[in-house]
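Chains as they are written, first to last, in the numbering used here: chain X, 1 to 264; chain F, 1 to 290; chain Z, 1 to 339.
The hints are all genuine.
Per label pair, the in silico range of CB-to-CB distance:
{"id": "1", "chain 1": "Z", "residue 1": "Gly110", "chain 2": "X", "residue 2": "Thr96", "range": "12 to 22 angstroms"}
{"id": "2", "chain 1": "X", "residue 1": "Phe118", "chain 2": "Z", "residue 2": "Gly95", "range": "14 to 24 angstroms"}
{"id": "3", "chain 1": "F", "residue 1": "Asn82", "chain 2": "Z", "residue 2": "Gly110", "range": "22 to 32 angstroms"}
{"id": "4", "chain 1": "F", "residue 1": "Gly219", "chain 2": "X", "residue 2": "Ser152", "range": "51 to 61 angstroms"}
{"id": "5", "chain 1": "Z", "residue 1": "Leu308", "chain 2": "X", "residue 2": "Thr96", "range": "16 to 26 angstroms"}
{"id": "6", "chain 1": "Z", "residue 1": "Leu292", "chain 2": "F", "residue 2": "Phe188", "range": "26 to 36 angstroms"}
{"id": "7", "chain 1": "F", "residue 1": "Val153", "chain 2": "Z", "residue 2": "Leu308", "range": "45 to 55 angstroms"}
Distance condition first, Cα-Cα at most 27 angstroms in a straight line; then the derived DSS-like pairs of lysine-lysine:
{"id": "8", "chain 1": "Z", "residue 1": "Lys280", "chain 2": "F", "residue 2": "Lys117"}
{"id": "9", "chain 1": "Z", "residue 1": "Lys109", "chain 2": "X", "residue 2": "Lys90"}
{"id": "10", "chain 1": "Z", "residue 1": "Lys287", "chain 2": "F", "residue 2": "Lys117"}
{"id": "11", "chain 1": "F", "residue 1": "Lys86", "chain 2": "Z", "residue 2": "Lys287"}
{"id": "12", "chain 1": "F", "residue 1": "Lys258", "chain 2": "Z", "residue 2": "Lys132"}
{"id": "13", "chain 1": "X", "residue 1": "Lys194", "chain 2": "X", "residue 2": "Lys90"}
{"id": "14", "chain 1": "X", "residue 1": "Lys187", "chain 2": "X", "residue 2": "Lys90"}
{"id": "15", "chain 1": "Z", "residue 1": "Lys160", "chain 2": "Z", "residue 2": "Lys35"}
{"id": "16", "chain 1": "F", "residue 1": "Lys86", "chain 2": "Z", "residue 2": "Lys109"}
{"id": "17", "chain 1": "X", "residue 1": "Lys187", "chain 2": "X", "residue 2": "Lys197"}
Hints listed in this document are in silico derivations from the structure and should not be mistaken for laboratory results.
Note that the structure is a prediction, hence the values are computed from the model and not measured.
Don't be surprised by glycine CBs; every beta carbon is placed ideally from N, CA and C.
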Amino acid sequence: MSENGIALRAHELEKRFGGLKAVSNVSLDVRTGEIHAVIGPNGAGKSTLINLLSGDLPVTSGTITLGASDITTLGASRRGLAGVGRSYQKTTIFQTSTVFENVRLSAQARSGHALRMFGNVRDDETVNKRADDALQQTGLTARAQTRANLLSHGEQRQLEIAMVLATDPQLILLDEPLAGMGQSEAKRMINLIKGLKVGRAVLLVEHDMDAVFALADRLTVMADGQVIASGVPDYVRSHPTVRSAYLGHDDPGSLPGSQHGDAA
Amino acid sequence: MDGLTFAVQLLNGVQYGLVLFLVASGLTLVFGILGVINLAHGAFYMLGAYLAYWIAAMTGSFWAALLGSVGISFVLGLALENVFIKRMYGRDHLAQVLLSFGMILVIDEIRQILFGKDVHSVAPPAWLSGSIKLTDVLSYPVYRLALCGFCLVMAIAIFYVIQRTRIGMVIRAGAENREMTRSLGIPFDTVNRFVFASGIALAALGGAVVAPVSTVFPGMGDSMLILSFVVVVLGGIGSVSGAAIGALLIGLTDTFGKVFFPQISSILIYVLMAGILLWRPNGILGKREV
Amino acid sequence: MTSKLQKLFVPLALLFAAIALPLLVPTYYVQLASKMLLMGMLAMALNLVVGFGGLVSMCHAAFFGLAGYVLALTSPEGQAASVWLSLPITMAVCGVAAAIIGGLSLRTKGVYFIMVTLAFGEMLFYLFHDTKIGGGSDGMYIYFKPEVMLGKWQLIDLDKVSTFYFVTLLCVLLTIWLLRTLVNAPFGHALAAARDNERRSISLGFPVFTVRLLAFVISGILAGVAGYFSAAQFGFVAPQLLGWHLSATVLVMVVLGGMRSVTGPLIGAAVIIGLEEVLKSSTEHWKLIYGLIVIFIVFALPGGVQQLSSMIFGRKADAPKPGTDVWKGARSMQEVANV
Chain X
1 MSENGIALRA HELEKRFGGL KAVSNVSLDV RTGEIHAVIG PNGAGKSTLI NLLSGDLPVT
61 SGTITLGASD ITTLGASRRG LAGVGRSYQK TTIFQTSTVF ENVRLSAQAR SGHALRMFGN
121 VRDDETVNKR ADDALQQTGL TARAQTRANL LSHGEQRQLE IAMVLATDPQ LILLDEPLAG
181 MGQSEAKRMI NLIKGLKVGR AVLLVEHDMD AVFALADRLT VMADGQVIAS GVPDYVRSHP
241 TVRSAYLGHD DPGSLPGSQH GDAA
Chain F
1 MDGLTFAVQL LNGVQYGLVL FLVASGLTLV FGILGVINLA HGAFYMLGAY LAYWIAAMTG
61 SFWAALLGSV GISFVLGLAL ENVFIKRMYG RDHLAQVLLS FGMILVIDEI RQILFGKDVH
121 SVAPPAWLSG SIKLTDVLSY PVYRLALCGF CLVMAIAIFY VIQRTRIGMV IRAGAENREM
181 TRSLGIPFDT VNRFVFASGI ALAALGGAVV APVSTVFPGM GDSMLILSFV VVVLGGIGSV
241 SGAAIGALLI GLTDTFGKVF FPQISSILIY VLMAGILLWR PNGILGKREV
Chain Z
1 MTSKLQKLFV PLALLFAAIA LPLLVPTYYV QLASKMLLMG MLAMALNLVV GFGGLVSMCH
61 AAFFGLAGYV LALTSPEGQA ASVWLSLPIT MAVCGVAAAI IGGLSLRTKG VYFIMVTLAF
121 GEMLFYLFHD TKIGGGSDGM YIYFKPEVML GKWQLIDLDK VSTFYFVTLL CVLLTIWLLR
181 TLVNAPFGHA LAAARDNERR SISLGFPVFT VRLLAFVISG ILAGVAGYFS AAQFGFVAPQ
241 LLGWHLSATV LVMVVLGGMR SVTGPLIGAA VIIGLEEVLK SSTEHWKLIY GLIVIFIVFA
301 LPGGVQQLSS MIFGRKADAP KPGTDVWKGA RSMQEVANV
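Please work from the sequences and hints to get the whole structure.
In structure tokens form, the structure reads like this:
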């Protein structure tokens with residue numbers, strides 16, 4: 001992948017549940033070295049979109065390309081192997097295992113011998129090193145031997161990112177990583193996410209607008225399952241459809257700073 | 001086979017399916033609404049049959065036997081829910097499986113102590129004990145027709161209660177979101193107790209009404225249990241309409257299977273189940289996608 | 001050095017006691033010990049799927065019983081079967097059965113999986129009960145124990161009670177070794193990961209279905225080996241051996257012995273069989289007491305024997321970790337009391 005090459009291309013994605021169109025005609029690109037944020041009011045289809053990209057939901061129509069390969073028909077685990085990493089809105093980690101074991105498992109998944117039936121996992125130097133590196137990158141080295149369910153909420157979210165990093169992904173999908181975080185935890189997470197884009201493509205779904213504008217290199221706004229604007233943040237901010245979708249009135253100022261803003 | 005024999009077997013299949021539905025609906029309710037897997041469901045079917053036999057033998061009345069057997073089972077259900085089952089909500093399935101297994105052993109042995117290992121039969125009420133003459137050599141028992149009718153009425157009653165009454169709405173709401181309904185002040189404990197007791201009362205009812213057409217024997221619970229499970233798996237857990245479809249499918253497959261392939265008729269049911277699961281892993285009417 | 005020696009002391013002592021057993025107790029108890037070992041092997045095999053895989057399988061008795069029937073059917077008329085032929089065939093048959101049943105059942109989740117495995121187990125039950133393949137509901141006799149020959153020389157005489165016992169002991173040791181290897185390897189960790197958080201495991205790229213199916217098949221084969229020798233010991237196979245009551249009983253052994261360790265179920269099996277021995281000889285209605293004990297275990301002792309021992313000895317309960325466990329379990333009620 002070249003610098004600013006397109007790591008992920010979603011083309012005319014559509015997802016229907018019976019008669020309901022949750023997502024329709026959604027196309028977007030995520031470039032390596034960039035954070036592409038997706039925002040929109042509740043019910044806009046953001047969760048569905050991220051599920052379609054990660055493979056947790058199959059598309060009704062449209063294509064998804066990762067690098068040069070078409071991954072549309074691949075299931076979630078094959079996409080994981082292909083280089084798609086994802087964090088979930090609801091913390092999805094191995095609660096009863098230690099922080100280190102969580103990350104080690106993640107590294108094991110992409111080690112090429114994920115299901116080897118002999119040899120103690122403790123002795124796998126390569127996997128262990130990858131796990132250590134991921135912990136270091138997310139600042140969790142000191143907590144390595146702590147059981148995951150004893151971590152604070154913010155630390156658990158950090159752990160989830162560490163797990164994704166340990167799989168050495170080309171593309172990272174982040175589903176509301178700041179959900180439920182206090183001020184200082186959020187700040188730490190924002191810095192962490194900023195560092196993720198180096199050599200990788202990042203798609204970020206978030207409600208926290210401060211974070212979005214601090215992080216996004218590119219922005220896509222969704223409403224009612226469709227894309228209403230996509231481009232660099234400044235362009236999107238001044239887009240009239242976006243403003244009316246969020247605010248219901250013309251305000252030359254910025255989009256609301258939090259989800260408790262003056263939305264109609 | 002000629003048209004008449006076919007019709008007779010069809011009727012047998014439907015009748016079997018309807019009884020199966022009665023029993024399986026109890027299982028799917030307990031599972032769908034309470035989230036508890038109850039392996040002892042078959043044991044209550046057997047208990048219903050034995051109680052019916054016992055009361056009929058004592059009183060000479062079929063109706064007393066029916067009402068008594070269902071009544072006792074219902075009360076027993078209330079007690080069991082209060083002592084054991086309510087501690088199983090939210091526990092893992094393995095614990096529920098083991099608890100119900102323990103219950104089966106206890107119920108089986110109690111039956112053994114009270115009624116022994118003997119095989120019994122129950123006489124249908126006099127006005128239902130005749131047969132309708134179809135041809136010179138073929139006649140169809142009136143009781144079987146009455147049984148079909150009865151189960152059909154029960155099925156409609158169950159649907160009505162679940163879909164149309166307030167209590168049904170509360171039950172369905174509880175299945176969707178237990179926390180929410182609890183916060184609305186609905187006396188959940190009572191509702192759960194009622195649901196569990198109804199579930200096993202349905203099993204007992206199945207055993208009691210089927211007693212006049214099949215024998216009352218110790219192993220009857222086991223075979224009915226597995227079949228009810230197959231019905232629930234086919235129809236989707238918690239789905240009463242799914243149970244209806246599954247039950248008819250199984251009833252017909254088993255009946256015609258016994259006619260055409262007597263040796264492998266039982267196996268045929270499982271082949272059917274395997275086939276359907278390959279096509280729909282969550283049952284015919286179960287959820288499609290998570 | 002000292003702590004490693006300490007860790008090995010109990011298992012080695014038990015191993016020594018197990019080897020010395022035939023010299024210490026009368027033949028009847030050696031036979032009982034063989035039975036405990038074989039059921040323990042079945043329970044340990046099941047635990048790979050239940051404890052480490054998180055899947056409640058209700059059909060493992062079917063593999064156990066199926067193996068017995070394969071032995072009976074591959075025993076030529078009036079002769080003993082050759083172990084070199086009949087055992088691999090048994091393992092292959094059980095492996096294929098597990099692959100098919102697992103392949104279908106693993107498409108379902110949670111409770112559906114329990115019910116589907118229950119139903120498939122019953123299917124195999126009916127296969128032998130209703131058809132003439134295996135003598136129907138009457139079952140089949142295995143008049144001659146399988147023979148272990150090399151040319152004209154008999155390598156091992158399975159007719160001798162103590163020899164049979166050592167063979168089963170060897171099987172159990174091999175099973176423990178195999179299971180520990182699997183559990184400590186990437187495979188075992190992947191299996192446990194799928195149990196602990198299926199969604200995350202899939203997202204990471206683990207082929208969850210494949211891992212589980214492999215575990216199921218390995219487990220089925222081991223159950224088959226246990227069934228093979230059990231049938232050889234008993235000399236008789238009947239459809240009841242495939243019934244789900246036996247599957248449920250093995251689950252009780254697994255829970256009682258401890259699901260998080262490889263050897264826990266072996267203890268559970270020893271306890272349950274010992275209990276059955278004691279109960280059966282005291283009352284005709286032993287099933288009632290046994291049922292009450294099962295109910296008691298569910299409410300008071302969900303953590304099994306390990307919970308009991310930490311209650312008695314005040315040890316802290318460890319975080320569940322695959323691979324760390326008592327190396328060997330007890331062989332008899334007396335040994336259990338000393339653990």
